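S.K.: The primary structure of each chain is shown beneath.
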Amino acid sequence: MNLESFLLMRSEIGLLAILLLLIIFEIFSNKKQKAAVIPFAIILLAINTALGFLPQESGELFGGMFRTNALLYFFKTTLSFGVLILLLQSADWLKAKVVDENKAPEFFMLIISSLLGAYFMISAGDFLMFYIGLELTTLPVTALVAYDTYKRISAEGAVKYILSSALASGAALFGVSLLYATTGTIYFDSMAEILTSSNLSILAFVFFFSGLAFKTSLVPFHFWTADVYEGAPINVASYLSVISKGAAVLILTILLFTVFKSLMPAWNKIIYIVTIATMFIGNLFALRQQNMKRFLAYSSIAQAGFILLGLMSVDQLGITTIIYFVAIYIFSNLAAFGVVQAISSFSDKENIDDYEGLYRTNPKLSLLMMLALFSLAGIPPLAGFFGKFFLYTAAASQGYYILVFIAVVNATISLYYYLLVVRAMFLRQSDSAIPYFRSPFYMRLGLILAAIGILVIGVYSPIYDYIFSISNSFLN
Amino acid sequence: MDILSLFVIVPILIVLALTFFAKDLKQARLISVVGMGIQFAMSINLIFAYLKERATNTDIMVFTKDVVWYETFNIHYSIGVDAISVVMIALTAIVLLAGVFISWKIDDLPKEFFISLIALSSGVFGFFISTDLFTMFVFYEIAVIPMYLLIGIWGSGPREHSAMKLTLMLMGASAVLSVGILGIYFNSNADGGPLTFNIFEIAQVNIPVAAQNIFYPMTFIGFAVIGALFPFHTWSPSGHASAPTAVSMLHAGVLMKLGGYGVFRIAMYLLPEGALNWADFFLILSAFGVIYGAFGAVMQKDLKYVNAYASVSHLSLVLFALLMFNKTAWTGAILQSLSHGLLTAMFFALIGMVYGRTHTREISKLGGIMKILPFIGAIYVITGLAYLGLPGFSGFVAEMTVFVGAFQHPDMFRRILTIVVVSSIVVTAVYILRMVGKIMMGPLSNEEYKDLPKATWFEKTGLILLLIPVILIGVLPLGLSEMIKDSLQPFLERLL
Numbered sequence: 001m002n003l004e005s006f007l008l009m010r011s012e013i014g015l016l017a018i019l020l021l022l023i024i025f026e027i028f029s030n031k032k033q034k035a036a037v038i039p040f041a042i043i044l045l046a047i048n049t050a051l052g053f054l055p056q057e058s059g060e061l062f063g064g065m066f067r068t069n070a071l072l073y074f075f076k077t078t079l080s081f082g083v084l085i086l087l088l089q090s091a092d093w094l095k096a097k098v099v100d101e102n103k104a105p106e107f108f109m110l111i112i113s114s115l116l117g118a119y120f121m122i123s124a125g126d127f128l129m130f131y132i133g134l135e136l137t138t139l140p141v142t143a144l145v146a147y148d149t150y151k152r153i154s155a156e157g158a159v160k161y162i163l164s165s166a167l168a169s170g171a172a173l174f175g176v177s178l179l180y181a182t183t184g185t186i187y188f189d190s191m192a193e194i195l196t197s198s199n200l201s202i203l204a205f206v207f208f209f210s211g212l213a214f215k216t217s218l219v220p221f222h223f224w225t226a227d228v229y230e231g232a233p234i235n236v237a238s239y240l241s242v243i244s245k246g247a248a249v250l251i252l253t254i255l256l257f258t259v260f261k262s263l264m265p266a267w268n269k270i271i272y273i274v275t276i277a278t279m280f281i282g283n284l285f286a287l288r289q290q291n292m293k294r295f296l297a298y299s300s301i302a303q304a305g306f307i308l309l310g311l312m313s314v315d316q317l318g319i320t321t322i323i324y325f326v327a328i329y330i331f332s333n334l335a336a337f338g339v340v341q342a343i344s345s346f347s348d349k350e351n352i353d354d355y356e357g358l359y360r361t362n363p364k365l366s367l368l369m370m371l372a373l374f375s376l377a378g379i380p381p382l383a384g385f386f387g388k389f390f391l392y393t394a395a396a397s398q399g400y401y402i403l404v405f406i407a408v409v410n411a412t413i414s415l416y417y418y419l420l421v422v423r424a425m426f427l428r429q430s431d432s433a434i435p436y437f438r439s440p441f442y443m444r445l446g447l448i449l450a451a452i453g454i455l456v457i458g459v460y461s462p463i464y465d466y467i468f469s470i471s472n473s474f475l476n
Numbered sequence: 001m002d003i004l005s006l007f008v009i010v011p012i013l014i015v016l017a018l019t020f021f022a023k024d025l026k027q028a029r030l031i032s033v034v035g036m037g038i039q040f041a042m043s044i045n046l047i048f049a050y051l052k053e054r055a056t057n058t059d060i061m062v063f064t065k066d067v068v069w070y071e072t073f074n075i076h077y078s079i080g081v082d083a084i085s086v087v088m089i090a091l092t093a094i095v096l097l098a099g100v101f102i103s104w105k106i107d108d109l110p111k112e113f114f115i116s117l118i119a120l121s122s123g124v125f126g127f128f129i130s131t132d133l134f135t136m137f138v139f140y141e142i143a144v145i146p147m148y149l150l151i152g153i154w155g156s157g158p159r160e161h162s163a164m165k166l167t168l169m170l171m172g173a174s175a176v177l178s179v180g181i182l183g184i185y186f187n188s189n190a191d192g193g194p195l196t197f198n199i200f201e202i203a204q205v206n207i208p209v210a211a212q213n214i215f216y217p218m219t220f221i222g223f224a225v226i227g228a229l230f231p232f233h234t235w236s237p238s239g240h241a242s243a244p245t246a247v248s249m250l251h252a253g254v255l256m257k258l259g260g261y262g263v264f265r266i267a268m269y270l271l272p273e274g275a276l277n278w279a280d281f282f283l284i285l286s287a288f289g290v291i292y293g294a295f296g297a298v299m300q301k302d303l304k305y306v307n308a309y310a311s312v313s314h315l316s317l318v319l320f321a322l323l324m325f326n327k328t329a330w331t332g333a334i335l336q337s338l339s340h341g342l343l344t345a346m347f348f349a350l351i352g353m354v355y356g357r358t359h360t361r362e363i364s365k366l367g368g369i370m371k372i373l374p375f376i377g378a379i380y381v382i383t384g385l386a387y388l389g390l391p392g393f394s395g396f397v398a399e400m401t402v403f404v405g406a407f408q409h410p411d412m413f414r415r416i417l418t419i420v421v422v423s424s425i426v427v428t429a430v431y432i433l434r435m436v437g438k439i440m441m442g443p444l445s446n447e448e449y450k451d452l453p454k455a456t457w458f459e460k461t462g463l464i465l466l467l468i469p470v471i472l473i474g475v476l477p478l479g480l481s482e483m484i485k486d487s488l489q490p491f492l493e494r495l496l
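Heads up: the sequence lines are chains A and B, in that order. Going by the working numbering, 297 is the number at position 297 of the first sequence; the sequence numbering is gapless. Going by the working numbering, 277 is the number at position 277 of the second sequence; the sequence numbering is gapless.
There may be inaccurate statements among the hints.
Unchecked claim - Under the rule of at most 25 Å between Cα atoms (straight-line distance), these lysine-lysine pairs were calculated in the DSS-like manner:
#, chain 1, residue 1, chain 2, residue 2
1, B, 23, B, 111
2, A, 364, B, 111
3, A, 34, A, 97
4, A, 349, A, 97
5, B, 327, B, 485
6, A, 364, A, 95
7, A, 34, A, 95
8, B, 26, A, 364
9, B, 23, A, 364
Stated by the list, open to error - Here are some chain A residues pointing at chain B (derived, C-beta under 8 Å):
#, residue
10, 379
11, 389
12, 393
13, 396
14, 401
15, 404
16, 408
17, 409
18, 411
19, 412
20, 416
21, 423
22, 426
23, 427
24, 465
25, 468
Bear in mind the hints are in silico, worked out from the structure with no lab data behind them. Just so it is clear, the structure is predicted and the values come from calculations on it, not from any experiment. Idealized CB from N, CA, C, for every residue including glycine.
Let the hints inform the model, and build the full structure from the sequences given.
M.R.: Right under this line is the structure:
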């Protein structure tokens, strides 16, 4: 192995470098310089994200344990961009609450380690690397969920998360061991050739799928979601709902389309039922939520149900629409969580009722929130519409019209609860409305970046066509 | 920039101008009125340009343009117009300009009001010029969603409830429509060609009859909900009653026409066998809607509800005529769309003016308004008479054409249905004459009404703008119906 081949791991090495630089900063900075870690970390990640736009070669390392190609690389850059927006949005919260407790560098280190885990997970070429990546994504987030140490609800969330996550990892690992028992290999490529449909391999798949379904909070593995989101600091909930979920969705798609392709007739039915259940449960529970974090938690469960529609089409179209939708979903959800964060850090208010009359006092924030929610609901010309319509297209291309019909019914249900928030902000007037405030610079930058994503990704079609052109790398 | 894309681009530019430059009501309405004036002038210009182009160009659509949008799905931004779209665009421009005049004094969040109104209009214009299913669907949804804010923020009465009901029903319908569109798309390669969203390419394909039977009702209902098809009309009365004046005008006058247009252009044109197989079922629904709407209007006490139910009745008549499958009835349907669009907009404008002065819309509390407000009263009477089909106005021309066309159908069942539907004219006369008689004539119901302010210049402008085409269509219908008839030929070839 020569030095150049290490460049295939460029994005991972970049994140590692950031981690090391953060440690060095932590050691050598004095008390007055502590706050400088925020711009320092953000700039480092911004550089890493910008490097992601450079072209990258595809290839394998470590005998096929690690692999990368244009599609994975694109997805990693998207995730990195998402985390960048997330860090921008958390900068004020860190400044106000965390820096004094001397915990800011840890926050960045934990988030970036988790992102590194996500990178390894999607780049995995065998189940060992996959499992390491999965754990590396999960464990740092547990610490982050409990970051508001003085809050009981935060600790409760963290315990719930670690326990259910351990169970899910255990289930996934058990599934992997059964797979190893049937095929005698843990490498994706060789397993894809050997694996045939048998009772044992289907059982193995069910266990494995349960583990990933937990990460993506699919019904019936969604019970942790709302409680953990509510307990976690908003930016961590945001991270859970976009980055960790997005990475899990991608690896699930890749595995289903390659390793488990021979089991398609079996998993197809499972996914069919899980899709319907996830959409309905997520939507129906979201209807009655008052707390914005719980609200977005259930909304993100429902969105995961929509993502599964793309799995119905086991071809280039399916994987493209999934990645496209996840990218859009990242921006839309980040914008929504960002506004919640901005309002919460100014006024500590997190309920939908508190948003009444918001447009009259904070028009720009309300407008952005409306854009984000409409994008999640799938209203043109915002990106979410195109994402959802193409997912329908993917499912319909295989003739699943009934499933598409159920999905559009759910899209209408979801529109109702998204409109409830719009109603509070725009239609209602209130004397106790949150007064006007100007968000700090980082927050504004984070929100603007998310808004640009919402407005541009849909209408600007070359993005979709680009993803389509690179998405065949797994399928041949 | 081509002549058609401007119809979408100008509203977007106005929205941007409003967002960044308008500071108060005066500036907002100035920008809006200038912008919509340009739009109006463009639409008049479009009619003449169309007539000139049509003399030499025999394609189905003229002024076409085609730009690839999503290459993977073969989605194009493709546009073009025939006579049907041209008259619909003109109707939209007229109602919109009148609506801006009627909203001259909107005091709460004026800038946002005009932004929502004009954003909505860009969707409507885009819908009428599109010849690509996907693009059309995008514009359709853009036209629907601002309604929520328009009714919810500036409405009256149970505005939140009405806005939510309207939005959910219409978006639910468009969700069903999206399944229908996907069904059409994935069957567009039935003859071995590529998958396409282009309407005229799909029209060359023989989609399997089994698929047509499944996707036709989805597409039909998806569009017909906004065209107030019974029993999916329930959003309309409450929505129109709660909406502010200009929004009622635009919604009843233009947006509901998207339904009939979509049914004709997409559902019936692309799925002809499905249309014939399902015709009886939808015919009964729409005939029932005509009668039901008319009787519903008789029973109402609130002026806006009267008009809302009357709209249900008249728009069901449009669907009824479309389902009759002959040239005369189709011409009638389009004339009825135009005529109803203008007249209902006038009605809502007048009701808004009366309500703005008397602060009541209850028929029993109003009386003798004519003596105090002669201009508004006179126009009210004219509108009422035109609405119930007095010769010399557009209503007569439209309904006459519809009924003549419908009765031409040799099928006995249809003839009987036509006779039943014709009887709705009598019911229409009942509620119109009763309403106009009670509130305009007779003794003054309330002494306080003596000092009501006279109609202002902007109100007059708005009304006259709408009245002129009503009279023009009524007096000179021939040119218009000839123009429309020419464009019906491709539909005839496909459906019969």
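S.K.: Next step is simple, just say for each hint if it's right about the structure.
M.R.: Hints, one by one, checked against the model:
For the suggested pair residue 23 of chain B and residue 111 of chain B, the alpha carbons sit about 8 Å apart, so the restraint of at most 25 Å is met. Between residue 364 of chain A and residue 111 of chain B the alpha-carbon distance is near 14 Å, which keeps this suggested pair within the 25 Å criterion. Our distance criterion of 25 Å between C-alpha atoms is met by residue 34 of chain A and residue 97 of chain A, whose separation comes to about 13 Å. Only pairs whose Cα atoms come within 25 Å are accepted, and residue 349 of chain A paired with residue 97 of chain A is accepted, the gap being roughly 16 Å.
At most 25 Å may separate the alpha-carbon atoms for a hinted pair to count; residue 327 of chain B and residue 485 of chain B meet this at roughly 7 Å. At roughly 23 Å between alpha-carbon atoms, residue 364 of chain A and residue 95 of chain A fall within 25 Å of each other, so this suggested pair holds. A distance of roughly 10 Å separates the Cα atoms of residue 34 of chain A and residue 95 of chain A; the hinted pair therefore holds under the 25 Å criterion. Of the pairs offered as hints, the one joining residue 26 of chain B and residue 364 of chain A holds, with about 22 Å between alpha carbons and a cut-off of 25 Å not exceeded.
Our distance criterion of 25 Å between C-alpha atoms is met by residue 23 of chain B and residue 364 of chain A, whose separation comes to about 16 Å. Interface restraint check: residue 379 of chain A against chain B, minimum CB-CB distance 5 Å, threshold 8 Å, status holds. Interface hint status for residue 389 of chain A: upheld, as the beta-carbon distance to the closest one in chain B is roughly 7 Å, under 8 Å. Evaluation of the residue 393 of chain A hint against chain B yields a held restraint, the C-beta minimum of about 6 Å falling below 8 Å.
Hint on residue 396 of chain A holds. Least Cβ distance to chain B is approximately 4 Å, under the 8 Å limit. Here the hint on residue 401 of chain A is kept, as its CB sits about 6 Å from the closest CB of chain B, short of 8 Å. Because the closest C-beta pair between residue 404 of chain A and chain B is about 5 Å apart, less than 8 Å, the hint holds. The closest approach between the C-beta of residue 408 of chain A and any C-beta of chain B is roughly 4 Å, which is under the 8 Å cut-off, so the hint is satisfied.
Here the hint on residue 409 of chain A is kept, as its CB sits about 7 Å from the closest CB of chain B, short of 8 Å. Contact between residue 411 of chain A and chain B, as hinted, is supported at the beta carbon level, the nearest pair being about 6 Å apart and thus within 8 Å. With its C-beta approaching chain B no nearer than about 4 Å, residue 412 of chain A sits inside the 8 Å limit, and its interface hint holds. Restraint check, residue 416 of chain A versus chain B: the minimum CB separation of about 6 Å is within 8 Å; hint holds.
With 8 Å as the threshold, the beta carbon of residue 423 of chain A comes within range of chain B, its nearest partner Cβ sitting at about 6 Å, so the hint holds. The closest approach between the C-beta of residue 426 of chain A and any C-beta of chain B is roughly 6 Å, which is under the 8 Å cut-off, so the hint is satisfied. Satisfaction of the interface hint for residue 427 of chain A is found here, the shortest Cβ-Cβ separation to chain B being roughly 4 Å, below the 8 Å cut-off. Here the hint on residue 465 of chain A is kept, as its CB sits about 5 Å from the closest CB of chain B, short of 8 Å.
The closest approach between the C-beta of residue 468 of chain A and any C-beta of chain B is roughly 5 Å, which is under the 8 Å cut-off, so the hint is satisfied.
Consistency note: the structure conflicts with none of the earlier hints.
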